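Novice: Residue numbers (my numbering), protein chains in the order written: chain A, 1 to 251; chain B, 1001 to 1334; chain C, 2001 to 2284.
Calculated from the structure, these hints are not laboratory results.
Certain hints may be false.
[Claimed, not checked] With beta-carbon atoms standing in for the labels, derived distance ranges:
#1 Gly178(A) <-> Gln2154(C): 16 to 26 angstroms
#2 Arg2078(C) <-> Gly178(A): 54 to 64 angstroms
#3 Thr1117(B) <-> Pro2063(C): 52 to 62 angstroms
#4 Leu2124(C) <-> Arg71(A): 36 to 46 angstroms
#5 Gly178(A) <-> Pro2063(C): 50 to 60 angstroms
#6 Asp2171(C) <-> Thr1307(B): 31 to 41 angstroms
#7 Pro56(A) <-> Gly1159(B): 13 to 23 angstroms
#8 Arg2078(C) <-> Phe1161(B): 20 to 30 angstroms
Note that the structure is predicted; figures quoted are calculated from it, not measured.
All residues carry an ideal CB built from backbone N, CA and C; glycine is no exception.
What follows is each chain in one-letter form.
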Amino acid sequence: MTSPVLETRGLTKRFGGLTATRDVSLQLAPGARHALIGPNGAGKTTFVNLLTGIFPASSGTTSLDGRDITRLKPEARVRRGLARTFQINQLFANLTVFETLGLAVNEQRGHGGRLWTSFAGNRETQSRIEALAGDFGLTDLLGTRTVELAYGRQRLLEIATAFACRPRVLLLDEPAAGVPEAERHDLLATIARLPREVAILLIEHDMDLVFSFAETITVLVEGAVLTSGPAAQIAEDRQVKAAYLGEDAHV
Amino acid sequence: MHSAQDSTAIRPVMRGRTALELAFWLLAFAAILLFPRKLIILNEIAILALFALSLDLILGYAGVLSLGHAAFLGLGAYTAGLFAKHMNGDPLTGLAVSAAVTGLAGFLSSFLVLRGTDLTRLMVTLGLALLLGEAANKASWLTGGADGLQGITMQPLLGQFAFDLAGRTAYLYSLVTLLILFLIARVIVASPFGMALRAIRDNPLRARAIGVPVSHRLVTVYTIAAVYAGIAGALLAQTTQFVSLDVLELHRSADVLLVLVIGGTGYLYGGIIGALAFKLLQDAIASATPQYWQFWIGLLLVILVLTGRERIRAALTGISRRLAFGRATAGSAP
Amino acid sequence: MLTIIIDGIAYGMVLFILAVGLSVTLGLMNFVNLAHGAFAMAGGYCAVVATTRAGIPFLLALPLAFLVTAIAGALLERLLYRPLYNRPHLDQVLFSIGMVFMAVASIDWLMGSQQQFVTLPEALKGRTEIFGIPVGRYRLFIIVLCGLLAAGLQLILSATRFGSQLRAAVDDARVARGLGISVNRVFALTFAAGSGLAGLGGALGAEILGLDPTFPLKFMIYFLIVVSVGGTSSISGPFLAALLLGIADVAGKYYIPQAGSFIIYALMILLLLVRPQGLFARAR
């Protein structure tokens, strides 16, 4: 196996007496399509917050491309190539699509601290913004403010914004949550089309989406890894069915 | 493709705005000839506008709430006053020294201010201003304490223009400084850095998640804002040749909040429009009931908030946009 | 030395009574009410007018001050504060500062800008010796009364139905609503009681804090210190914070009078440097 692009070893998070994440070790190969599933309260969100650096880990390590990032701040992890989307849209209400994407592009290129140049005066920045908008079907909406976008479009902008950071690993936190049926197809097609160079960790409830997308699956229960393996194998796992899939009888 | 579309749609508005802006600044300079008896208050307006511009950078653009912005105004004023009194009476040198001192103070205090929630920010900013006020009060051997810092004499500006009693030099000096700093601020808010500030204001969590080093950006803008406020204070000290403890008081910080809210936060003319409205209002009320001016300020604040400052601002920008469009169409008509 | 500590404790106790309402309303609605001190001032002036002009005895003037400010608080909450709960903090700050300015100017207009005094009963004047240490009787009275009040508040909060509703609402207003608790009603009651306590504190404190129209401005920072250092999740946090603040301020002004209030501000800033979440705030 090639060396993993993202790896956690024994990642643990305690809040007072409560252990929200227990000794989680996970590996993502380059270009992986990996899903993290688990019943409500299994600690998926805490794990994402640990990976992205919002919470400091109580013990264990996280590494990206073989370099330890356990102690890095969230923004430093993003610059190293670990981007995420949010379960609930976390966007900039008053910025336009153009400005939102430009912001991420500028940070990615290391121009975010520039005081004296125009925001999108750079031709490379401009063309990257337009390319991203094209890839995510947002070209006609570049001048629209985020608050005025339909919900499904906002979800696309979420993903496009994360993508603008040029990640090596992308965490998709319930990308389809709350998207109305009419806009759902577009979104799923976009996710399926994401380029293979980027490893993706999908955190999802929706089993249809998980099994259509993921090649490997890790099941989290009560903060710890219950099992991990190829999607087909997980689908047949009795333990998993008992612990989790029992809830979703249709699988 | 997008940009082409966009710019054609925006162009008439832009042209209208530029014309309006040009007219505004021309009028501001022409005021020297038009209102020769009002130059003292015009000078105060220009300084207040600069102070409000400074607050707008942190509050309007970056969303940092401060209840002690007068700390930098006062520090700048005392620095400039003391420098002129004891070291060198050249105005521009004094301005530079004040800018440096307040910039350093802003940089150092930013680490305190930027931690925690709105509440701790309020408290720390208020506390720092009170701390400085108390220091200035107690160190009366240096600052003159409650009597104020007296005996400041300024050399002529650029060695040419003496500060006159009518306030011609003073107003021109403040106005040019305001214009320069305004233009700099305009470049800054249109830069990648400026966009990052707006993103932080809207959603700091998400800003971090796309790689914006939030605290770093805030330290930078807080330092810049401190410099701006310090220069406003220096202008105040140099043009009035007097500094009193009043510059550090809470009402200064509250007034500038009000100025900004009247004019609108998050766009650069907000501070200028607000300063103009505030001073004219103050002038009008003060001549009617000088003693209870504070009551009317309070009432204004309460009414502004209860009716919704967004709504008021929307009405104002609606009017100005209509004006801009009107001019643009009038201009393009043969 | 002991006298200073006792003075400091009395001072701190008054600060606690003054600020406790603010701490609860802040924790409950996340509403930054900088006008809290205006209620305290109203209570103080109430006591002054009652004792000096109407000849009402001091001990009756205290509950009167509580009642008047509590009613005023309830009215203002209903009319002016309620629409602002979901507004940004900037709006709340502007609004409450505006209220402070209006209160200051109105009192100045009504009563003049000079310092005001309450008429204390003879029994509370002078000093008593306790274990050979001379202690001001009025300070002793304050310590006992405020101590009882603090204990009573703690009891209400921990042992009554209202208290448990209040704690649930502070913890998570949404969940509390889901449980059928009328958060608005709880808040209105708390706001009124908190304003009343501030009024009582103002009446009690007029003698030792001083009372003039700038009271809400002068003590704004003290309330903020108590609340942000003590946290908003308990009664004991603000209580300890108020005591510490009182003792430190009295001791500082006694030993290093030339520094004035400098010490308190510096101490507070230092403290927030070390513990930005407050000294007694529970980690979330």
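Novice: Checking against the hints above, which ones are violated?
Specialist: Numbers 1, 2, 3, 4, 7 and 8, in rising order.
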